[in-house]
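Colleague: Chains as they are written, first to last, in this note's numbering: chain A, 1 to 324; chain B, 1 to 274.
Each hint should be verified, as a subset may be incorrect.
Claimed, not checked - Heads up, simulated SDA-like pairs for lysine to any residue below, C-alpha to C-alpha not over 20 Å straight-line:
1. A/LYS95 to A/GLU291
2. A/LYS215 to A/GLY131
3. A/LYS95 to A/ARG244
4. A/LYS95 to A/ARG72
5. A/LYS95 to A/GLY184
6. A/LYS215 to A/ARG244
7. A/LYS215 to B/LYS60
8. A/LYS215 to B/GLY270
9. A/LYS215 to B/LEU268
10. A/LYS95 to A/ARG105
11. A/LYS215 to B/GLN269
12. B/LYS60 to B/MET72
13. A/LYS95 to A/LYS215
14. B/LYS60 to B/ARG97
15. A/LYS95 to A/ARG320
16. A/LYS215 to B/SER37
17. A/LYS215 to B/ALA265
18. A/LYS95 to A/LEU307
As the list claims (entries may be wrong) - Here are a few chain A residues that sit away from chain B, every Cβ distance over 12 Å (derived from the structure):
19. VAL82
20. LEU91
21. LYS95
22. LEU108
23. LEU112
24. GLY157
25. GLY174
26. PRO191
27. PRO241
28. ASN275
29. LEU318
No lab work stands behind these hints, which were simulated from the structure alone.
What you are looking at is a predicted structure, and each value in this text was computed from that prediction instead of being measured.
Ideal placement from N, C-alpha and C gives every residue a C-beta, glycine not left out.
Letter by letter, the chains look like this.
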Amino acid sequence: MSQAADKADPARALPGARAEAIDRRLSRRIPLAQGIRRQTLVGWLFVVPALLFYAVFVLQPLALTVQYSLYRWDGFSPATWVGLANYASVLSEPKLLETLFNAFRLVLFFSLIPVTLGLVTASVVHRVATGRLGTVSRTVLFLPQVIPLVAAGIIWGRLLSLSGLINQGLTAIGLGDITRAWLGDFDTALPAVGIIGIWVLLGFCTVLLLTGMAKIDAGLYESARLDGAGWFQEFRAITVPSLRYEIGVCLTVTIIAALAAFDIVYVSTGGGPGNATAVPGIQIYILAFLERQVGLASALAVVLVILVLLVILPIQRLSREDAR
Amino acid sequence: MRVARRELYAGRTFLAALVAITILPFVSIFTTALHPSGSVPVGLSWPANPQWGNFIEAFKVANMTALLASSMFIVLTVVPVSLVISTMAGFAIGLLRIPGARWLLLLFVFGLTLPFEGIITPLYFLARQIGILNTRLAIVLPLIGLFMPFAVFWMRAHFVNMPDEISEAARVDGASTWDLFWRIHVPLARAPIVSLGILTSVWAWNQFLLALVLVEDPTQRTMAGALGAFQGHYATDIPLLCAGTILILLPTLVVFILFQRQVIAALLQGSVKG
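Isolated chain B (complex conformation):
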C-alpha cells in the first residue's frame, strides 16, 4: 500500500477524532455519575470527591437484582423458543421444500419491514383479553412472534444451501424426518443458530416499546423498559440517573466486548440477509 504520508496523517487524525467523539458521551455520563447525588454537574468534569456510592445507591433504588432476573427470564424464554421453532420452520421451508414453501417464505419476509408500532395497539387489547397484561408473558409471547420473520428467514438461508446428498443418505438409512432434523441437520447448523441466538438476545434485552405498553411494573420488564421507568422517576437527580444508566447498559457492553467478533458478524450478516 503506497499512501502519501500527508494522507496517512490526515486519515488517522480523522479516525482518532471520530473515535473520541463516539466515546466522549460514555465518559461524560461516567464522570457525571460520580458527582454528589442531586447536583447538576457540567458536561465533563472530574468531581473533587468521587461518589462511588452512587452506583450502589442506583443499584438499590432501581431494584437491580429484580430487573436482572426479569430480563434474564425474558431472554431465557424468548431466545430458546425462538431458536427451536424458527430452526424447524427454516428446515421445512429451505430443506424439505414442503408444498407452499415459497408462499410461506413470502409471508414471513413480509414481516421483516413491519414496524412494531404498526401492531402495538391491538397487542395491548389482545393481552388484556387473554389476561396476560402486566405479566412478563405479555412481552415474551409477542416478542417470539415478532422475531419469527427474521429468524425463519435466517435459518432458511442456511438450510437452502445444504447439499441434498446429506439428507438423501440419511433417508436411505431409514431416518425419520425428525431424526434427519434433530440428529443430522441441527448439529450442522450450529453456527447460524449461535449467531441468531446472540442477535435475538440483544434485541430482547433492548426491547423497549413492548415493555412500555404491555407491562407497568418495571421489575417485570426488559432492561431497556426498566431504564425508561427509572428515567421517569429520577429525571431530576442527574448523577443518580447516570449511575443507573451505566449499570443498565453495562451487561450489554460486557457481552459485546467479550463476544465482539461474533456480535458484529451476527449483526452484519443479519442485516445483509434481511
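The shape of chain A in the complex, shown without the other chains:
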C-alpha cells in the first residue's frame, strides 16, 4: 500500500517539480473556470451509472408503491382511485393490523434477546476465553449468519416439527407432555419463529460486540479487578456504557431484520397457523401476488417503510450522540 502511495506521489520525490507545477496552476487560475466546470461535469459522469440503477430500480419503484397505494388495482384491469382508503384498511382491518403487531413481537426475539444474550456472551468470551476456545466459539456462533435465511428456515422447520430434535430433547428430560408441532400451534408459532431469529442473529451481535470490547482500555478492567469487582459489576459499570455505539448498530441491524422479516417466516410457517406469524412482508406478498390487491399491498408496504424509519432514526441518533 505505502509503496503504491509513493509511486502515486512523484512530487514527494521531486520537491522542485511540485512547486513549479503549483506556480503553473496558479498562473492559470482565471482561465481555468471553464476547466473546473468541465471537471464538475466529468465528476458527475462518475456518479451517473450508480445513480441510474438506484433511480430506476429503487427510487422509481418506491414512488410507484406510494402511487399504487392510492388506487384499487388487481394488476390487470384499469385502476380506481380510492384516496387514502387503503391506509384506513391497513390501520383498521384486524388481519392487517395484526401483522404490524406481530412484527413488533418479533423485535423481542430478533433484536432484544440476541443483543442482550450477545452482550453476556461477548463479555464471557472476553473474560475467560481469550485463546482457542474464543476463536472457535466466534466462528461457530457466526455460522448461522452466513447461510441463506431460507436454509435456516428449513433446518428449524425440521427441528421444531413433531419428530424433531426439540421434542426429542424434551422427551429425554421428561417433558414429553409439552411436545407439539411448535410451528403449527397458535400459541407457540411466533416464539418458535423467534427462536430461529435468535439462532441466526446471536453470533452476529456477539462478534460485533466483541470487537467493540477489544477497543475498551484494558486499564479500566485492571483497576476494577483490583477493586475486587466481579463479572457483573464490571459488565454494568464498564462494558455496557463503553459499547453504546456497537449496541446501537446491533439494535439497528436486528430491528430491521425483525420488522422486515420475510425469508424465515415464508419458509417455516408461511404466516400461519391462521394469522399467528403473519408479518408485513408476508402479507404484502400474499396481497400483491396471491390475492391481487396491489393497492392494499402497497399501502402496507408504505406503512412498513415509514415504521422502520421511525424506529431506526432515534436509535441512530442516541447511539451516535456523545458516543463518538
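For chain A, the structure is supplied; the task is to place chain B on it using the hints.
Modeller: Relative to chain A, chain B alone:
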C-alpha cells in the same frame, strides 16, 4: 488476567453449551439426510444404514448443476457491475466532492433502511413491462440498484479519508480524472473493494424475495430462491429435503470457512458503517 477459577469453569461451560446449541441443528439435518428417502426420522439419530446416495439423488432432482450455474451467473454479473459503478460514485462523492455531493450521499443513505418488501410489488410490474420477467435479468438489474445505497456509502467512506496530496500530485502531473481514478485510486482502494465484493456475493447468493417474485423457474434463480422451490416440491420427503438443503448451503459454508477472517471483518465493518 486474574479470574477466579470457578468463574473460569462456569464461563467456559456456558460457551461450550452455546457452541453445541448452535451446531446441533446442522448435525440434526445431516443425520436426517442419511435416513432412507421417504422416512420420518427423529431429530437426532444415526441411521442403521446410512444412505449416502441421498446426496446424489438430491443433486439430480434439484438439478444442481443448473442451479450452480444460474447462481454463479447472477453473482458474476451483479458483483462486478456493482463494484465498478459504486467505486466510481464513491470516488466522485467522497474524493472529487462534486457540487451536490452532500445531497447525493443523503439520497443514497436514505436507501439503507429500505426493506425490499417496500418496492417488490412495483418491481414485478416494472419487470413485466420491460419484458425481463422470468429471466435472470429480473434479479440482476434490481439487485444492482438495491446494493447501491450500501455500496456507494461504503466506497465513499474509503475515499473521503484519502489524503488530498495524492490526488494533487497526480493532477500536477497532468493526470485526467479518469487516470486519477483508475490508475491511482482504484489500486489504493483494493481492500475495501474486496470486502465489498465478499459482502455483495454473499447477499446475492442468499437473495430470496426477488427470486421468488420475479422468476418462476428455479434454474433461473439464486441458490436461496432455488432452495425455496425445492422445499415446495419435496416438503414431504424429509431426508431428501435435508440432503438438498445441505448441498445448497455447502458452498456458503465452504467460502465462509476458507475466508473466515475476511467475511467476518467485512460483515462487521459493513454494519458499523451502515
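Colleague: Going straight from one Cα to the other, do A/LYS95 and A/ARG320 come out at no more than 20 Å?
Modeller: Outside the cut-off at roughly 37 Å; violated.
Colleague: Given the hint that A/LYS215 pairs with B/SER37, does the C-alpha gap stay at or below 20 Å?
Modeller: 51 Å, violated
Colleague: Do the alpha carbons of A/LYS95 and A/GLU291 lie within 20 Å of each other, as the hint requires?
Modeller: 14 Å, holds
Colleague: Quick check for students: does the CB of A/PRO241 sit more than 12 Å from each CB in chain B?
Modeller: It holds; A/PRO241 is separated from chain B by about 18 Å at its closest Cβ, greater than 12 Å.
Colleague: A/LYS95 and A/ARG105 were given as a pair; does the straight-line alpha-carbon distance stay at or below 20 Å?
Modeller: 16 Å, holds
Colleague: Is A/LYS95 within 20 Å of A/ARG72, Cα to Cα?
Modeller: The given pair, whose Cα atoms are some 18 Å apart, holds under the 20 Å limit.
Colleague: Do the alpha carbons of A/LYS95 and A/ARG244 lie within 20 Å of each other, as the hint requires?
Modeller: Violated - the C-alpha atoms of A/ARG244 and A/LYS95 are around 37 Å apart, more than 20 Å.
Colleague: Is A/LEU112 truly not at the interface, in the sense that its beta carbon sits beyond 12 Å from all beta carbons of chain B?
Modeller: 17 Å, holds
Colleague: Over 12 Å to the closest beta carbon of chain B is the bar; see if A/ASN275 clears it.
Modeller: A/ASN275 is indeed farther than 12 Å from all Cβ atoms of chain B, at 17 Å.
Colleague: Beyond 12 Å from every Cβ of chain B: is that where the Cβ of A/LEU91 lies?
Modeller: 17 Å, holds
Colleague: Hey, A/LYS215 versus A/ARG244, does the alpha-carbon distance stay inside 20 Å?
Modeller: 13 Å, holds
Colleague: Straight-line Cα separation of A/LYS215 and B/ALA265 no greater than 20 Å?
Modeller: Holds, at roughly 15 Å.
Checked against the numbered hints listed earlier, the structure breaks hints 3, 7, 13, 14, 15, 16, 24; every other hint is satisfied.
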